[in-house]
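Asks: Next come the chains, spelled out residue by residue.
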Amino acid sequence: MIEIILKMLNNFWGGVGTTMALLIPGSIFFIHYFEKIEKILAHLCSVLRKTSTFADKQFAKRDLQGRMNDFVKRLDKKMHSFVPVKMNIKFSTNEDLEGFDSGGKYLIRVKRGINPNTNFVNIAMFFISKHLLLKAKKQISPKQQQSIDLFVAKKLFEEEKESVMSEFVDSFLQPKTDDDKIREMFDKHTNSDRAGLFFPVFLQEMVFLGGRVFSNPKNHRIQEEVASLINFLDEYSKRKIGDDDIKNKFDGQFSKFALMIVGISYKVEQNQINRYTKYIENLIENKIESIYLIGDKRNKDFITEVGKIVQEKNNTYNIFKEESYTAAINNNKGRGKMVENFLLVLKKKNPDPFIQNHE
Amino acid sequence: MIFCKFKKTGLVNLIHDKDLEMVLAKLGILKKIKQEKIKCKFTKSIITIDNLHAVFYENNDIKCVSSSATAIKEFSEYLNETES
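Protein sequences, first through last, are from chains S and D.
The first sequence runs 1 to 359 under our numbering.
The second sequence runs 1001 to 1084 under our numbering.
Heads up, a few of these hints could be off.
Claimed, not checked - No more than 27 angstroms apart at the CA atoms, straight line, and that leaves these computed lysine-lysine pairs for DSS-like:
| # | chain 1 | residue 1 | chain 2 | residue 2 |
| --- | --- | --- | --- | --- |
| 1 | D | 1008 | S | 135 |
| 2 | S | 256 | S | 348 |
| 3 | D | 1032 | S | 111 |
| 4 | S | 111 | D | 1005 |
| 5 | D | 1007 | S | 73 |
| 6 | D | 1031 | S | 57 |
| 7 | D | 1041 | S | 111 |
Worth flagging that the hints you see were computed from the coordinates, not collected in a lab.
Quantities reported herein were computed from a predicted structural model and do not represent experimental measurements.
Just chain S, same shape as in the assembly:
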């Protein structure tokens, strides 16, 4: 009898073990690749959407959520202190309108019978304006916000659903860039992104700025400084190979950072490292809070060594981020050339969060 019970228990736990062996990695796969699964579901629903309301709703929901959330996950890798917001779509019916009259709730229509790309663009733009990068847009002017929204939306559509670009251009990009200021900023964002600076430097600094508490928030001095920052990065992005004399320090009142180019292929030699570390220490003495070291990927060891030495000598700064990426730089004829770059960011550990900025 006891033998029978033990045999039954053994079979049971063996079964449980097998189930767990499949369930745990399956759950991990499901959670990690959920956005990819949503995109597949959207494809499946697209077949039936013209004849089934359920399929039409699921197509809109999964297509948008899958693509937007995948994009937001990638943004999270590009920027620190960024708040990744997950898009969650809910179709409202007449039975679940509670709380609508307390404000802050918007109902966006999904129109049937029109190009689904139009619905996609409208809803994606709503989400970007209302929910995404709020910290980065906190202190800046509405036009500066719109230029960021437009550029981030363009990147989303380029990376996730290129087929919607013409709807985006017709409905948002062209009308909004009729405003000269917005168009100018959008063009400058495009230049700094080509040089690999838009997300890891500009938006990163906007996120840091948004994390601060100002005695006089959203005033024009902050917005003027952001305008200068956009111009600074635009000029920097136009530099040519070998042009190491370009102004590399942005010493604003609210956003204090420097870009340093490691432009020539160095062997890891002590005298060259000392030259860079001394310059960085000078920046630190001048209260620069973020130092972006950028160079050819072949200089990765050199840049890393410089970063480590500064971190060891200054316990108030640490290596915040290291990243390899592809960027465009101009050759001597002014033509763009794609290069593999390496970025290392040194950041002050505890910058003062409160800034007095009276008019």
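Chain S is fixed; fit chain D onto it per the hints.
Replies: Showing chain D alone in chain S's frame:
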């Protein structure tokens, strides 16, 4: 990182065409829309069932947005200006 790193959820409430008239009736504006008595908050054009793009609540009143390019553009600017 294996697990989702999302720190917040941004809820987007949509109305499907199939449910549109029922939702508008529940909000008490279906009749007014059919009588062409409601105007777009941004362009002041007459709102119809066909051209309705969005609905939201502001200052104790329900506002409507038309689907014209101008209205959608101004709606997104309005979203930038209002706190989330």
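Asks: Evaluate each hint against the coordinates.
Replies: Right, here's what the structure says about each hint:
Straight-line distance between C-alpha atoms of residue 1008 of chain D and residue 135 of chain S comes to about 13 angstroms, which keeps the hinted pair within the 27 angstroms bound. Our distance criterion of 27 angstroms between C-alpha atoms is met by residue 256 of chain S and residue 348 of chain S, whose separation comes to about 10 angstroms. For the hint linking residue 1032 of chain D to residue 111 of chain S, the alpha-carbon distance of about 20 angstroms falls within 27 angstroms, and the restraint holds. A threshold of 27 angstroms between alpha carbons decides the hint, and for residue 111 of chain S with residue 1005 of chain D the separation of about 32 angstroms lies outside it, so the pair is violated.
Proposed proximity of residue 1007 of chain D and residue 73 of chain S is supported: the alpha carbons are some 11 angstroms apart, at most 27 angstroms. Restraint check for residue 1031 of chain D and residue 57 of chain S: satisfied, since their Cα atoms lie roughly 26 angstroms apart, inside the 27 angstroms limit. Proximity of residue 1041 of chain D to residue 111 of chain S is assessed by CA-CA distance (about 20 angstroms); at most 27 angstroms being required, the pair is judged to hold.
Hint check: a violation occurs at hint 4 only; the rest are consistent with the structure.
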